[in-house]
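Protein chains: 2
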Amino acid sequence: MALQLDVVLTKQKKEKPDFGRLGFGQHFTDHMFIMDYNPEKGWYDPRIVPYAPVTLDPAAMVFHYGQAVFEGLKAYRTKDNRILLFRPEKNMQRMNISNDRMSIPPVDEAFLLDALKKLVEIEQDWVPTAPGTSLYIRPFIFSTEPYLGVRASQTYKLLIILSPVGAYYAGGMTPVKIHVENKFVRAVRGGTGNAKTAGNYAASLKAQNEAKDLGYEQVLWMDGVEGKYIEEVGAMNVFFKIKGEVWTPALNGSILDGVTRNSVIHLLRDWGIPVQEKRIAMEEIYQAHLNGELEEAFGTGTAAVISPIGELNWNGNQLCIHEKSVGELTMKLYETLTGIQYGEVEDKYGWTVQVNETVASS
Amino acid sequence: MALQLDVVLTKQKKEKPDFGRLGFGQHFTDHMFIMDYNPEKGWYDPRIVPYAPVTLDPAAMVFHYGQAVFEGLKAYRTKDNRILLFRPEKNMQRMNISNDRMSIPPVDEAFLLDALKKLVEIEQDWVPTAPGTSLYIRPFIFSTEPYLGVRASQTYKLLIILSPVGAYYAGGMTPVKIHVENKFVRAVRGGTGNAKTAGNYAASLKAQNEAKDLGYEQVLWMDGVEGKYIEEVGAMNVFFKIKGEVWTPALNGSILDGVTRNSVIHLLRDWGIPVQEKRIAMEEIYQAHLNGELEEAFGTGTAAVISPIGELNWNGNQLCIHEKSVGELTMKLYETLTGIQYGEVEDKYGWTVQVNETVASS
Ligand SMILES: Cc1ncc(COP(=O)(O)O)c(C=O)c1O
Ligand SMILES: Cc1ncc(COP(=O)(O)O)c(C=O)c1O
Numbered sequence: 000m001a002l003q004l005d006v007v008l009t010k011q012k013k014e015k016p017d018f019g020r021l022g023f024g025q026h027f028t029d030h031m032f033i034m035d036y037n038p039e040k041g042w043y044d045p046r047i048v049p050y051a052p053v054t055l056d057p058a059a060m061v062f063h064y065g066q067a068v069f070e071g072l073k074a075y076r077t078k079d080n081r082i083l084l085f086r087p088e089k090n091m092q093r094m095n096i097s098n099d100r101m102s103i104p105p106v107d108e109a110f111l112l113d114a115l116k117k118l119v120e121i122e123q124d125w126v127p128t129a130p131g132t133s134l135y136i137r138p139f140i141f142s143t144e145p146y147l148g149v150r151a152s153q154t155y156k157l158l159i160i161l162s163p164v165g166a167y168y169a170g171g172m173t174p175v176k177i178h179v180e181n182k183f184v185r186a187v188r189g190g191t192g193n194a195k196t197a198g199n200y201a202a203s204l205k206a207q208n209e210a211k212d213l214g215y216e217q218v219l220w221m222d223g224v225e226g227k228y229i230e231e232v233g234a235m236n237v238f239f240k241i242k243g244e245v246w247t248p249a250l251n252g253s254i255l256d257g258v259t260r261n262s263v264i265h266l267l268r269d270w271g272i273p274v275q276e277k278r279i280a281m282e283e284i285y286q287a288h289l290n291g292e293l294e295e296a297f298g299t300g301t302a303a304v305i306s307p308i309g310e311l312n313w314n315g316n317q318l319c320i321h322e323k324s325v326g327e328l329t330m331k332l333y334e335t336l337t338g339i340q341y342g343e344v345e346d347k348y349g350w351t352v353q354v355n356e357t358v359a360s361s
Numbered sequence: 000m001a002l003q004l005d006v007v008l009t010k011q012k013k014e015k016p017d018f019g020r021l022g023f024g025q026h027f028t029d030h031m032f033i034m035d036y037n038p039e040k041g042w043y044d045p046r047i048v049p050y051a052p053v054t055l056d057p058a059a060m061v062f063h064y065g066q067a068v069f070e071g072l073k074a075y076r077t078k079d080n081r082i083l084l085f086r087p088e089k090n091m092q093r094m095n096i097s098n099d100r101m102s103i104p105p106v107d108e109a110f111l112l113d114a115l116k117k118l119v120e121i122e123q124d125w126v127p128t129a130p131g132t133s134l135y136i137r138p139f140i141f142s143t144e145p146y147l148g149v150r151a152s153q154t155y156k157l158l159i160i161l162s163p164v165g166a167y168y169a170g171g172m173t174p175v176k177i178h179v180e181n182k183f184v185r186a187v188r189g190g191t192g193n194a195k196t197a198g199n200y201a202a203s204l205k206a207q208n209e210a211k212d213l214g215y216e217q218v219l220w221m222d223g224v225e226g227k228y229i230e231e232v233g234a235m236n237v238f239f240k241i242k243g244e245v246w247t248p249a250l251n252g253s254i255l256d257g258v259t260r261n262s263v264i265h266l267l268r269d270w271g272i273p274v275q276e277k278r279i280a281m282e283e284i285y286q287a288h289l290n291g292e293l294e295e296a297f298g299t300g301t302a303a304v305i306s307p308i309g310e311l312n313w314n315g316n317q318l319c320i321h322e323k324s325v326g327e328l329t330m331k332l333y334e335t336l337t338g339i340q341y342g343e344v345e346d347k348y349g350w351t352v353q354v355n356e357t358v359a360s361s
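Top to bottom, those sequences are chains H and U.
Number 90 in numbering that gives the first Met the number 0 belongs to position 91 of the first sequence; there are no gaps in the numbering.
Number 270 in numbering that gives the first Met the number 0 belongs to position 271 of the second sequence; there are no gaps in the numbering.
Hint data in this document are derived by calculation from the structure and do not stem from the laboratory.
Some hints could be false.
Identical copies go unnamed one by one, so any copy, or any two together, can satisfy a pair.
Unchecked claim - Within a straight-line C-alpha distance of at most 30 Å, the following computed DSBU-like cross-link-like pairs (lysine-lysine) qualify:
1) Lys323 / Lys13
2) Lys182 / Lys227
3) Lys89 / Lys182
4) Lys205 / Lys182
5) Lys277 / Lys242
6) Lys40 / Lys205
Generate coordinates for the entire structure from the input sequences, incorporating the hints supplied.
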């Protein structure tokens, strides 16, 4: 049975925040998408409605057993006022991968993507215009059954909310200082590391806080088995340029399959730069550093796109990278990706999807 | 500043469910405890109010990043109508251990225990009378700040809800069939295994489902590093009796420090039965089984108290334990613990706490 999307527009639009001082994830638009799940109907009642609170029984399973997944992507405004999404079908696919791991029923990816596009189209005035700004899109699912037994919930809600966000590099791109985590673990083989599920983020907070207290912006996570192999940096995938080659940890089940990571690998291959997805010991990076071969390092993710790493602190060793300035390849990747996202660089790969209708322009 | 507990009683009591067919965690009482947290006030506005839904912004962090902890304990009705709690201070302590791991602000344990006792006292009619039944108590905390950045929330809610539950062994105590998990991992050193946090339970569902499909009631979790060492069984701690000694996995950071586990160890020591808390390889259990030395095995937890294990399936080997019947020590522990909980066995250890006032009886 084909789902019918219902649309109820708000009678009272919010006052828009100052688009010059947006920050991240603090302001939300006038509408949201919501649909429900139960075993009889499957996903049902998909609707775009005014942004509104959610009311749940205190026994709703999400509060107790954390069965929840989410996605994150952005809508970008081009100079000619087209609104573009970047590879959104990848987020829909990943949501179903997360659902499978968390025993949440799958969603119809094509339907959900259509609903998402419709919502962004309705909210297009909320896509900010200043360089580097965008509209952050957060689809998420959580369990709602009021029941305290430990098993998968029988009911769920899926929402999409939208948040206009400021430029990540408002003050220019600056490399970050990273603490190589040697105490806490984010994920392990057989766990939930390759799912975008709530508990992974809760599990990461204490390490982040302790790294901050030591003066570092993020942590570099090591594998949960041996504590030797590099996994991710904060909530980003990680890349290293060594002697002209680029290395990134292979998708081993405990790493998130990032859309930005995938796009970076594509670009590098297209540019003829050798890329290896493999198991990378922190020791190898340290040795490359000692030999003067560690040329660049950066994280990749939807929020920052590319985040240059200027320093790694590993068991008391300070590895200073590219003299703490942004590397050439790092910058080229950033400019190419954001160029495609904002419609300023030709989209050879068919990565962007236009959401709104524009009068023929340019 | 001392917190003042506010009490607002319901005007319309619910109809009580059939106490003969309660099940677990499906029915909730007339009132709940709730308090809020913000950085300025700390925990504030503690109140007992009519059981009611919670209203949250869709951006509330719990839905996205799963910062949430909980506890579980029970109130038992004695024959002379005293209402007893079992070592509730241990649950308060453990909640703060979980809070610390999950970057949630600590609670005042003594205050919270008083509030919990008051709530149970108000709801004492909801403590069922039939043998083996009880009132399950669920304190829990979740993050509420409407913000999508990954960091600890600035605001939280703490609730206590109550649910009358049926006898776990309504049809008599029957040993369970357990699948030794060799694919999925519940927790790992450096992770959140010793915190009672939502994400741990979400992470366990897929393994449980796959075990059920194979005809097993629960999984026996192995360590996340080597996959060799025994951790817990389902959401219970686990014990093995081998040649007259009792072994249980040591608290290594990835195992929950169960109140029942702790009580079982106390009882065994008191009875002069040697107990070892140590690292236990599944291979050792298998060898003991082959040598005819594996005498009994059981899980421990608030819900079942003691759950005898009749069969372990390990990589295709079926270990049948105590001819799939309940072992003597298993039964003695069950009878002693439940005896103390229901006020029928002398409480030598000062484990029970009376909640209600009773006219002098017996
Ligand atoms: C843990 C983690 N790793 C990596 C990423 C990067 O993924 P993407 O490039 O799809 O944003 C994210 C999400 O942003 C993440 O949460
Ligand atoms: C993962 C896990 N292990 C063990 C236990 C047993 O702890 P307790 O005896 O305190 O109920 C529980 C909770 O019931 C649990 O959730």
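Hint by hint, here is what the structure shows:
no., hint, result
1, Lys323 / Lys13, "neither (42 Å within a copy, 65 Å between copies)"
2, Lys182 / Lys227, "both (12 Å within a copy, 21 Å between copies)"
3, Lys89 / Lys182, "between (33 Å within a copy, 26 Å between copies)"
4, Lys205 / Lys182, "both (10 Å within a copy, 27 Å between copies)"
5, Lys277 / Lys242, "within (16 Å within a copy, 47 Å between copies)"
6, Lys40 / Lys205, "between (40 Å within a copy, 22 Å between copies)"
The structure fails hint 1 only (numbered hints given earlier).
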